[in-house]
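Asks: Listed here are the chains, written in short residue letters.
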Amino acid sequence: MPDRLQQQLEAFERALEGVRDEDSLYALQVAYIGRKGSISLLRRDMGKMSPDQRKQFGVEFNRVKRAIEAGIETRRQFLSDDARRRELERFEDLTMPPRRPEFGSLHPLTRTRRALASTFRRMGFDVEDGPHVEHGRYNFDFLNFLPDHPARDEQDTFFVEPRGDTSSRELVLRTHTSPIQVRTMLARTPPVRIIALGTVFRRDEDRTHSPMFHQIEGLYVDRGVTMADLKATLLQFTGSFFGPGLDVRLRPSFFPFVEPGAEFDMQCPFCRGARCVVCKQTGWIELGGSGMVHPNVLRDCGIDPAVYTGWAFGFGLDRMTMLLHDVPKLRYLFEGDIRFLEQFPC
Amino acid sequence: MLISLAWIQELLDRDAPLAGAEVDTLLTSLGLEVDDIKRAGAGCETVIVGEVRSKAPHPKADKLTVVQLFDGASVVQVVCGAPNVPEPGGLVAFAPVGSALPNGMEIGARSIRGVDSRGMICSETELLIGDDGDGIMVLTPEDVAPGVSVALKPGTRLVELVPGILDEVLELSITPNRPDALGHLGIARDLAVKLRCSLAPHEEQAPSLPQAPELVTIEAPARCGRYIGHVLEDITVRPSPLWMRVRLHRVGLRAINNCVDVTNYVLAEYGHPLHAFDRAKLAEGRVVVRLAAPGEPMTALDGTAVELTDEDLVIADARAPQALAGVMGGADSMVSPDTRALLLEAAYFAPPGVRASARRHGFNTDSSYRFERGVGFAESLTQASLRALRLLERLGGGRAVAICDADQRPALLQIAFRLASIERVLGFSVDAAEARRILEGLGVAVEAVDEHAWRCTPPANRPDLAIEEDLIEEIMRVHGLEDMPARATVPSEPVVERVHPAAELRERLIDALAEAGLREIVAFAFTGAERLTPFEQEIGAGRYVHVSNPLRSQHGVMRTHLLPGLLDSLEHNAARHARPVQLFEVGRIYAWPENQESRVFTGPTAEIDRLLPDERWRAAALLYGGASGFSELQGTPIDARAACGALIHALARVGLRGVVRPATTPAAYLHPGVQGEIALDGVGVVGRVGELHPEVIDARELPGGARVFYGELWLDRLPVHSVHKFEELAKMPSTARDVSLELPRSLPAGIVLSALRAAAERVLSENASRSPDDPPTLARAGADARAIEILEDYRGEGVPEDARALLFRLHYAARERTVTDTEIQELHARIIERACEAIRPQAPAVRAR
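Just so you know, the sequences run in chain order V and C.
So that you can map any letter, position 138 of the first sequence is 138 in the numbering used here, and since no number is skipped, the others follow by simple counting.
So that you can map any letter, position 175 of the second sequence is 175 in the numbering used here, and since no number is skipped, the others follow by simple counting.
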């Protein structure tokens, strides 16, 4: 009997040499030491053996079984090491063009609009908009543009044909974002602290003018608001948008809806006042108009100018965008050339 | 407006000369914008006076004259081409050898057709001091500027006789609120206050003249507040002297004759338009300020025939209109060389009337420009009139013989001014004495009411000063903003930030579309009506919002669709390169509502909002594979399904699960077989998508056979800002069952999918009503949590030619338990059967494989 065990062991060892994968190894394991394996079957004959023989067989059986188990374990380890080794030999060329969805791009005006909106939101301003086709009353009358004053001419207004005779004769494409001021003041009570952002239209088209362009406007109405607060806000804005330390200067000017009115310039963010090409060697960038909200405007919007004062400022987004991105021509913003657009990935 | 620095200097009582750059800074700080500064006269310094000693015809040229000229030191020979060389003794402007003239000419000694010429006798045009190039300047003592003591004799430098030749000219943009600054005196007044000096004395004393009330009749006092008429006689009409011609030339005015030049000179100095009538041409020698009769004709002095209306104010003689008041004079009574007597008009016309007349007849004159903005009617008007009188006497030899001052001037405004208001508005205070100095310097009469308050009366030529804030602005302008502090105030009450969910949704959609590979454009909001025809099915031409005065016809209508703008960009790109073009825009469309009255508006702006057209937001995407056969990018084909993908992706980005369904109302601008509508559960249709109709493409400049794909979302239909409620997690895994259905290829998968969903919902709910204890339902278990998925679109062996086999997977689950194979087996079979029944009308041969 022990001989047969030994023969089985030798046969097992020969078979083990040829095992190349986990599945055959398992099959071999089952064939020898499984419940019905060849070794296990030899134990059935133990009943026919004498006690001595049985004892001797037992010792021999355990030895052979352990040897088989150890052989399988070793082989299993070898196979798994071998598989890992072969797996690690695999090579993939990751320098081939990567597989990914190609992103499109955001229009630079969108970027500027968002950057400005988030800057002013941090400063406690709500962002508002209104209709593009606006009534002359909100675009002009409420903003202290007198009905027959040449100040209206300066706006180069696009008029909109009214519908039938029921609607008013005085519809325009809004010439500035200021009607949003009016709408907001009509709808709210002070403190009013908003920026108005949006598309505006003027009847002017040349190298530096587009009949459609974009504006941002700030408005703050409350008790005790002064021109000094306007300057503080403009400084806070330029600092937050372009980096701290840029001076702001105000120059008297005229806009019908503010009194006093002033243009405001910002120290050139590119040369920080040292004079460069961008600021045309002046050290300053002319940004836009500003001033204290005209008492007539407050009154028309239901706000008592004896109690409240307010300031407003506004400037163009398109020029700001061109400045930020070094875009030389205004028309690039509106013609949709992908060679322009793709330079502003999202 | 052009401003001569020399002129300004003359009006200031101040010896130190002003440089252009300095004035630029000062004017800018005063709120008068300087656009440009130009030096004038450089090169004239070497030009001297020469005396003609003799003249003889050139031996070889008829048109040339050989002149012996005395230059103050010696006699030189000069060849001159002008026809008006004066007789011996005549004085001319002479540029000696070595001169470099303003027009670029360098003078050297040369031989002109065999005759030596050492220098040049100059005309105005060569020195850039006038427009008269027909002949050389012949100088007389009158040409010497007033106040100059240098004698006119050979050898004297021309610029010493007429200092205004050397000048700096500033171009100013005067804001419409400052009519007073439309003349040199107004600019000088601002500068004087800023520089703390005074104006040079310029006031004229009124001569005592006989009053002639019959001279002027004002029949329309509301339109004409004052009319000063002076009669001058013994006038000799002739060219103005050089000093005046130079000055007018420097500020861009053309010298005509002494009478017209004087009115222009006073216009440039006082900013006050005047008019000189030839009195002999006026019927009865008098004027009537009246409204025109409808249709009354007049010929303006530029030759325009004007048909007047009864809203036009005219200056008429006893018979007919002789001027359109404040706009332009008439040809009949204009000054001519024969004029001997003048009626000089200095008047105040109300701004709106002048503006309306100028617009009505298409005029924009120096005169109307000023009257529209509001000129003075008080002292400044009197002074302008007297100034013209004095100049006419000096230049034309005339004498004033009568005056009529028809004065019905409006009252001056009084403004209550509190000193504390300065700080209330500006945030810093200005010393009371300084504030008063500034206001008075600007001509405002200041009267103290008490320690804290003044009563201020602005001058008549400052119509912009009407309220306290206007005066504060004046103080601010002159005081300067340089020392203004920056002092932030804290809101008096908490300001609560308002959120705008619709705006946030738009921003996220913009991001999503850009992430989906599209490039954002910004297109014009207006387009041409013909561009919108393909979309009339959605918004008819009757609802178009028209722009009355577009810059070009292609901008005449507010867009009712975003596609035209995208196609414009596509055309632009296709004309320049062959690359794929994938674009999007999120923007507004405009249309009158179908029923204006049906719209509901609330809030304080409702009354206005009701009158406005609808503005709705759209997000639109356009995909084009490029001319040279780019059919795919990075392994993703550019086709209509890619357009679907971009839009469904965008919806997913804002938390919405969109599906594409067959279009219930197909769009005419899309290919009839390649289009669908985008829908949301519980909301309905929110957009459409497809391939552009070949006719839409043919109408554009695109490569032949181009396929363009388009999709859009109607943002006003998208639900905004919903908070998602949590659903408890399934405790047990779900069970999946597949079915392969053999279907006609033309049947959209979306229809089968909805049929399966409807069938499943019916069968499962029927089952639930029978066994209410935790019945199986559809489970969110597939990829992207879908209960029913499409796994495969099989075409080929085993499936008929015109059919395809779609493999669907349905996921089932119960709340608390694992569903058993047997219960699902039966339910699944019934679901498939129901679904097949539902689609059988469209697919008679449908069968489960």
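Rather than coming from a laboratory, the hints here were simulated on the basis of the structure.
Fair warning: this is a prediction, and the values are worked out from it, not measured in the lab.
The C-beta atom is built at its ideal place from N, Cα and C for all residues, glycine as well.
A portion of the hints provided could be inaccurate.
[Unchecked claim] Example chain C residues on the side facing chain V (calculated, C-beta under 8 Å, incomplete): (1) 28; (2) 31; (3) 425; (4) 426; (5) 491; (6) 553; (7) 554; (8) 558; (9) 770.
[As the list claims (entries may be wrong)] Computed Cβ-Cβ distance ranges for the label pairs, DEER-style: (10) C:761 x V:77: 43 to 51 Å; (11) V:276 x C:488: 51 to 59 Å; (12) V:245 x C:498: 40 to 48 Å.
[Said to hold, decoys possible] Anything over 12 Å on all C-beta distances counts as not near chain V; from chain C, calculated: (13) 402; (14) 466; (15) 613.
Asks: Against each hint, give a clear statement of whether it holds in the structure.
Replies: Now the hints, each set against the structure:
This hint holds: residue 28 of chain C has a C-beta 6 Å from the nearest C-beta of chain V, less than the 8 Å allowed. About 3 Å separates the beta-carbon of residue 31 of chain C from the nearest beta-carbon of chain V, less than 8 Å, and the hint is met. A hinted interface residue such as residue 425 of chain C counts as satisfied when its beta carbon comes closer than 8 Å to some beta carbon of chain V; here the least separation is about 5 Å, so the hint holds. Given the 8 Å rule on beta carbons, the hint for residue 426 of chain C holds: about 5 Å separates it from the nearest Cβ of chain V.
Nearest Cβ of chain V to the Cβ of residue 491 of chain C: about 4 Å, under the 8 Å cut. The hint holds. The criterion of a C-beta within 8 Å of any C-beta in chain V is not met by residue 553 of chain C, whose closest approach is roughly 13 Å, and the hint is violated. Interface hint status for residue 554 of chain C: violated, as the beta-carbon distance to the closest one in chain V is roughly 11 Å, over 8 Å. Against a cut-off of 8 Å between C-beta atoms, the interface hint on residue 558 of chain C holds, since the closest Cβ of chain V lies about 7 Å away.
Using the Cβ-Cβ criterion of 8 Å, the hint placing residue 770 of chain C at the interface with chain V is not satisfied: the shortest such distance is roughly 48 Å. Between residue 761 of chain C and residue 77 of chain V, the C-beta spacing of about 56 Å breaks the proposed range 43 to 51 Å. Take residue 276 of chain V and residue 488 of chain C: their Cβ atoms lie about 30 Å apart, and the range 51 to 59 Å is violated. For the pair residue 245 of chain V and residue 498 of chain C, the supplied restraint of 40 to 48 Å is violated, since their beta-carbon distance comes to about 32 Å.
No beta-carbon of chain V is positioned within 12 Å of the beta-carbon of residue 402 of chain C; the least distance is around 35 Å. Remark: the non-interface label on residue 466 of chain C conflicts with the geometry, its nearest Cβ contact in chain V lying 9 Å away (cut-off 12 Å). Annotated as non-interface, residue 613 of chain C brings its C-beta within 12 Å of a C-beta of chain V; the closest such distance is 5 Å.
This entry does not satisfy hints 6, 7, 9, 10, 11, 12, 14 and 15, going by the numbered hints stated previously.
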